[in-house]
Amino acid sequence: MQVYKAYFKIIKQNLPAISIYVCIFLFITVMLTYFGGEKTSPGFSKTKINIAFVNDDDSAALAVGLRDYLSTNANIISIQNNEESLQDALFFRKVEYIVKVPAGFSQSFFSGEHDVRIEKTSVQKSQSSVYMDFLINRYLSTAGLYTQNMPGISGSQLLGFVKSDLEQQTSVQVKAYGKKTDSRVATYYTYLVYAMIVIIFLGVTSIMLVFNDPDLRKRNLGSPLKSLSMNMQLFLGNMSFAVVVWIIMVTIGFLISGKAAFDINSVMMYINLLCFAFVCLSLSFLIGNLIRSREVQQGIANVLSLGLCFIGGVFVPQQLLGKTVNFIASFTPTYWYVKAVNDIEKLALINITNVTPIINSMLIQLGFVVALLAVALVIAKQKRVSA
Amino acid sequence: MVVKVNNLVKRYGDLIALDHFNLQVNEGEIFGLLGPNGSGKTTAINCILALLKYDKGTIEVFGQAMAPDAYNIKREIGIIMQNVAVFNELTVQENINYFCGLYISDKKKRASLVEEAIEFVGLNDFRKFYPRKLSGGLLRRLNIACGIAHQPKLIIMDEPTVAVDPQSRNSILEGIQKLNRQGATVIYTSHYMEEVEQICTRIAIMDRGKIIATGTNDELKSMIKAGEKITAEIFGLDSLQIQNIKNLPHISSVEYDENMLVVKSERGKNNLAIVLDYFRVHNIPYGKIYCELPTLNDVFLEITGKQLRD
Numbered sequence: 009m010q011v012y013k014a015y016f017k018i019i020k021q022n023l024p025a026i027s028i029y030v031c032i033f034l035f036i037t038v039m040l041t042y043f044g045g046e047k048t049s050p051g052f053s054k055t056k057i058n059i060a061f062v063n064d065d066d067s068a069a070l071a072v073g074l075r076d077y078l079s080t081n082a083n084i085i086s087i088q089n090n091e092e093s094l095q096d097a098l099f100f101r102k103v104e105y106i107v108k109v110p111a112g113f114s115q116s117f118f119s120g121e122h123d124v125r126i127e128k129t130s131v132q133k134s135q136s137s138v139y140m141d142f143l144i145n146r147y148l149s150t151a152g153l154y155t156q157n158m159p160g161i162s163g164s165q166l167l168g169f170v171k172s173d174l175e176q177q178t179s180v181q182v183k184a185y186g187k188k189t190d191s192r193v194a195t196y197y198t199y200l201v202y203a204m205i206v207i208i209f210l211g212v213t214s215i216m217l218v219f220n221d222p223d224l225r226k227r228n229l230g231s232p233l234k235s236l237s238m239n240m241q242l243f244l245g246n247m248s249f250a251v252v253v254w255i256i257m258v259t260i261g262f263l264i265s266g267k268a269a270f271d272i273n274s275v276m277m278y279i280n281l282l283c284f285a286f287v288c289l290s291l292s293f294l295i296g297n298l299i300r301s302r303e304v305q306q307g308i309a310n311v312l313s314l315g316l317c318f319i320g321g322v323f324v325p326q327q328l329l330g331k332t333v334n335f336i337a338s339f340t341p342t343y344w345y346v347k348a349v350n351d352i353e354k355l356a357l358i359n360i361t362n363v364t365p366i367i368n369s370m371l372i373q374l375g376f377v378v379a380l381l382a383v384a385l386v387i388a389k390q391k392r393v394s395a
Numbered sequence: 008m009v010v011k012v013n014n015l016v017k018r019y020g021d022l023i024a025l026d027h028f029n030l031q032v033n034e035g036e037i038f039g040l041l042g043p044n045g046s047g048k049t050t051a052i053n054c055i056l057a058l059l060k061y062d063k064g065t066i067e068v069f070g071q072a073m074a075p076d077a078y079n080i081k082r083e084i085g086i087i088m089q090n091v092a093v094f095n096e097l098t099v100q101e102n103i104n105y106f107c108g109l110y111i112s113d114k115k116k117r118a119s120l121v122e123e124a125i126e127f128v129g130l131n132d133f134r135k136f137y138p139r140k141l142s143g144g145l146l147r148r149l150n151i152a153c154g155i156a157h158q159p160k161l162i163i164m165d166e167p168t169v170a171v172d173p174q175s176r177n178s179i180l181e182g183i184q185k186l187n188r189q190g191a192t193v194i195y196t197s198h199y200m201e202e203v204e205q206i207c208t209r210i211a212i213m214d215r216g217k218i219i220a221t222g223t224n225d226e227l228k229s230m231i232k233a234g235e236k237i238t239a240e241i242f243g244l245d246s247l248q249i250q251n252i253k254n255l256p257h258i259s260s261v262e263y264d265e266n267m268l269v270v271k272s273e274r275g276k277n278n279l280a281i282v283l284d285y286f287r288v289h290n291i292p293y294g295k296i297y298c299e300l301p302t303l304n305d306v307f308l309e310i311t312g313k314q315l316r317d
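Line order of the protein sequences matches chains Z and V.
Position one of the first sequence corresponds to residue 9 (my numbering), numbered consecutively onward.
Position one of the second sequence corresponds to residue 8 (my numbering), numbered consecutively onward.
Chain V extracted, bound-state conformation (with noise of 0.2 Å):
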């Protein structure tokens, strides 16, 4: 286990940041702790990493009680905040270096990982820049640098990819797996749920400051009722056959508007099917029609009531 977190409480007054919170992250995992804006994913970040104070429980890292002192465990820990958090008076180069000397301290084997982070985050033509000379994304870029030239065992990524271009996003994203095949084990925070079921192995959904349901994607989409959307472009459909279409067997809700059919099916076989089977059996035509799986959204919604992105 590379981290655990048992019973975490974090008031701030009257306000319950972290309820009870419960964590568990295995090594090699990519873990994604997915929810909304306030639901208590950075002050949970910050109380494994020993930067907040809490008021209750346990935090394990590596086996070992964390601690603001715990100096060995820190050395095997990457950082990477939401803010990008480098010095503006440094080069990309020497920012990079300064954060891998924080860690090691042998010069020789320092430059060397400077170098590999550097080639590996795809800064090399800028390695002279100095930060405010940079996009967002080529600040993001140094920002995962400076978190993870020391080559650590643990990362941690706390909304990495805030305020990113689409190109820099994707970039990122694969870095984080290749990061995670080359051994490390991610933490990686999110609200965005598309990325955490793209790279995550395993997900926690949290709201309101605790752990609302844990597991891998698949698992995750099997705990809900909910089963494919079905989106089909018919024209002039009656009320009498949208009645029969809410009829059929596991569909749960039918929509019709703008000559657009959504159909949203229970969890089940054969859905989409029947479904088909009904267009052709009562001759209605269709044109464009796609079948989209549960998402993410669909499991936070179903299990909290509202929608992730609230």
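Just chain Z, with the same shape it has in the complex (with noise of 0.2 Å):
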């Protein structure tokens, strides 16, 4: 084992620029994961908006009634009645609806006029207006069923009835099903994609490059020990790297996850981690016994790493992602690892259906390390005599 125990000893000289490695991108993976993920929440609150109440039919019945009633689900504010001032509050924002009733309005509406208009004005295309709309609609369609079924109704009768109907409330419990995870935990995992392959890249390359330096190889290729033997131990000298490397980066998650960080959730999150660090690794043992510079390490480095990111889904979710470009990001392990972070995040029931897609995304992952490995082997072997 002369070359594991050589490989620990020249990691450790390595140790300070590794170390720079993973704090940088370990840290913008949190920072992104703090304030660059998601912030979409799954519950629900009400809010209300300002409106401007102008009544122009004095003390009439249905309009305090249903001042009353908007009162309930929006801030009334009160401005001056002029024409001027109720257009600067709409302008600054000040309200983001008017609503005014016509003089005549609830005696028009209690004779049992069809054509009886309240005028509004709000701000154009606005959510909060559609929603006015629909408050000042349902409580004069209310008011109207009463005035066509119950003829010389009072007014003071119809606001009790139409107030004791709209007052009718359903309970509506919200609950997050189909989305266990925190949010934050898998934007985590995703962008920890990113420093995962950058920080194994350059550790496994940085002593691949030593170990392959022309004049070491030749004196290690013209020595007894087998080329398999050889490889293997800087094999599992860099394997040994990616489990410290993949331990560094559990740990921080466990940080993020709090009690969750042993939920079945998170337990697979850790092997999919841990099957995505090998892949990384066989990629950089294959790249390493191909590259003989610190210059072209530092490129591909980074055209490896952000070109599997940006089309494996890291920085932009799969699902925006169009058809074709996830049918080509299938052929990374990237979209896999991805793919199987995208699927334990909405996983709340554990059965076979809900993880055989998980397996499958973490059994592919698998699959290229296994092809990334056989390849740089059979490189490595060919590369002992040269030609």
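Simulated from the structure, these hints should not be mistaken for lab results.
Check each hint, because a few of them may be wrong.
Said to hold, decoys possible - With a Cα cut of at most 25 Å, we get these calculated BS3-like pairs of lysine-lysine: (1) V:Lys253 with V:Lys232; (2) V:Lys228 with V:Lys217; (3) Z:Lys13 with Z:Lys391; (4) Z:Lys13 with V:Lys276; (5) V:Lys135 with Z:Lys20; (6) V:Lys236 with V:Lys253; (7) V:Lys60 with Z:Lys226; (8) V:Lys115 with Z:Lys17; (9) Z:Lys13 with V:Lys11; (10) Z:Lys20 with V:Lys313; (11) Z:Lys17 with V:Lys135; (12) V:Lys160 with V:Lys253; (13) V:Lys60 with V:Lys115; (14) V:Lys116 with Z:Lys234; (15) V:Lys114 with Z:Lys234; (16) V:Lys253 with Z:Lys17; (17) V:Lys11 with V:Lys160; (18) Z:Lys389 with V:Lys63.
Reassemble the complex: the two chains are provided individually, in unrelated frames, and hints are given to aid placement.
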């Protein structure tokens, strides 16, 4: 195990540089997790908008009832009843909607006239205006039902019935079904792809560059050490390095997950990340057998990490990428890692049907590991004797 | 026979690096492979070590065909390449231990061999140093220690003294002779003829991928017509006298420049005595006078028509 032992002595000498990579890229990942991730909440909370209510129908019961009803769903702001003040209030967004009840509105309504109108002014194309339209229509429709079916109903009776009807509430409980994992955790494991590729690639190839120095290589190849043994020892050293990087990343994941760190979803995230760490390792081992200089190493690290992240759905969600892009991406291991993260995030019920796609994604990643490693070993064997 | 190479041909496109190269190295020899830069010495060594594919020919080491997977043969070979091949991340002792460990798995035996190697190259005071802290000469010694720590039967040294100061060079050459006395067969490539003359028991001269002459130092020199070169400091020699010296027996050329007379003779006996007699008979006073025997450069010059250092 001479090569394996030497590997760690060499990595010890490269530790300052590797530590810098680890700190910088993990810092970026954690920052992206907290400040760049998804911020939507599965819950619901009611909000009120500001409106102005202008009543030109004096103290007619229907107008007062409508005002009271709207006040439960919006903040009624007092504004001088003149055209200029109202327009200014709307322009400066002091209010988003102005309701104007014209004189004689209640009388017309009770008399059964069909074409009775309330004037409204609102911010164009705003959601709040649609909501207020809905509330006003709802109130007047309910009142209309009573006036049509109970002729002679008094104003106070009508208001009482309508108020009682509209106070009816349906209890709605919002459950985050189908989204069990904290979205921040999923964001962390998604963005981790970038850090994982860069750290493992730079670490592994830095050591490979030392062993692939032409003169050292000659001396090693001239020795009785078997080619396979040497490559396996190197791979084992690289694997140990990858596992250490994985442990560091999972430890940070622990801190982000909090109490959920030992959930089945979290455990699956760890396993998925380990599979991806091995993918990065075999890819780096393959490229490490081919490159000869630090300049090339840096260039490939940038192209590889950013390329795989963009196409695999790390920076842009897979759902937003086109079918063709996703199809091309399916030939990269990043796609399968991110897909597994997305599936684990949605996983609420553990059963064969739900878990199978996740396991399949992990197995495909391991398939990439085997394929890349096989190619790397063939190349290493071919290069044992120069042409 | 330790190494036997037959009709080795190695091409790089249109360039023939080794052109039906033949070599035989016997046990116990310090075999010198001498040739100018680009003559094919390193290519030949790389082929012998199975580090390079070749187009034609056969290579046998210790009576067995050499191949990339001939691990039992490789176990008996020590390699010291032209460039220093050590890990900058390991100390002197760790480097020697690493390379020795590729050959010797027994930890105890290895520890003792590493100690011997450190002692042998005189790096005792530098065992904890990293290579980048060592001078060029010490680095070369480390390079040698890494190649010989496992005490191989065959040591292949490819120009191990390039860019080394004279003191370290002498130390390295003495070391090679010591290794040879301890039983190792050495193949030593160089373009420094003085080194090869000094330590090699048998020498092959290479040019353009071919061996052009093989033999001991004396055998090689006896292959050529050139004899001694006599140099004398003489003032005011006229052209008639120069011509008379030229007409002396066995004299091939005479040059006179800045009061220095250089007389080149053909191989034969008493050349110096004949020239001195001439000076005495014709009352020609001389200052310094010295005589040089032919060198391997003269051998190379006479065979190829060009200087060895070209």
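Against the structure, the hints:
1. Pair hint Lys253 of chain V plus Lys232 of chain V holds up; C-alpha atoms about 17 Å apart against a cutoff of 25 Å.
2. The hinted pair formed by Lys228 of chain V and Lys217 of chain V meets the criterion: a straight-line CA distance of about 19 Å does not exceed 25 Å.
3. About 23 Å separates the Cα atoms of Lys13 of chain Z and Lys391 of chain Z, which keeps this hinted pair within 25 Å; it holds.
4. Proposed proximity of Lys13 of chain Z and Lys276 of chain V is contradicted: the alpha carbons are some 65 Å apart, above 25 Å.
5. Distance hint between Lys135 of chain V and Lys20 of chain Z is fulfilled; the C-alpha atoms sit about 16 Å from each other, no more than 25 Å.
6. Using a Cα cut-off of 25 Å, the hinted pair Lys236 of chain V and Lys253 of chain V holds, with the two alpha carbons roughly 13 Å apart.
7. Between Lys60 of chain V and Lys226 of chain Z, the direct Cα distance comes to roughly 14 Å. Compliance with the 25 Å bound is thereby established for this hinted pair.
8. The hinted pair formed by Lys115 of chain V and Lys17 of chain Z meets the criterion: a straight-line CA distance of about 21 Å does not exceed 25 Å.
9. Proposed proximity of Lys13 of chain Z and Lys11 of chain V is contradicted: the alpha carbons are some 37 Å apart, above 25 Å.
10. At most 25 Å may separate the alpha-carbon atoms for a hinted pair to count; Lys20 of chain Z and Lys313 of chain V exceed this at roughly 52 Å.
11. Proposed proximity of Lys17 of chain Z and Lys135 of chain V is supported: the alpha carbons are some 14 Å apart, at most 25 Å.
12. As the CA atoms of Lys160 of chain V and Lys253 of chain V are separated by approximately 52 Å, the hinted pair breaks the 25 Å bound.
13. In summary, the hint linking Lys60 of chain V to Lys115 of chain V is not supported, as the alpha carbons are separated by about 37 Å, beyond the 25 Å threshold.
14. For the suggested pair Lys116 of chain V and Lys234 of chain Z, the alpha carbons sit about 21 Å apart, so the restraint of at most 25 Å is met.
15. For the hint linking Lys114 of chain V to Lys234 of chain Z, the alpha-carbon distance of about 19 Å falls within 25 Å, and the restraint holds.
16. A hinted pair counts as satisfied when its Cα atoms are at most 25 Å apart, and Lys253 of chain V with Lys17 of chain Z does not qualify at roughly 70 Å.
17. Straight-line distance between C-alpha atoms of Lys11 of chain V and Lys160 of chain V comes to about 15 Å, which keeps the hinted pair within the 25 Å bound.
18. Note on Lys389 of chain Z and Lys63 of chain V: the hinted pairing holds, with a Cα-Cα distance of about 22 Å set against a maximum of 25 Å.
In summary, the structure is inconsistent with hints 4, 9, 10, 12, 13 and 16 from the numbered list given earlier, while agreeing with the others.
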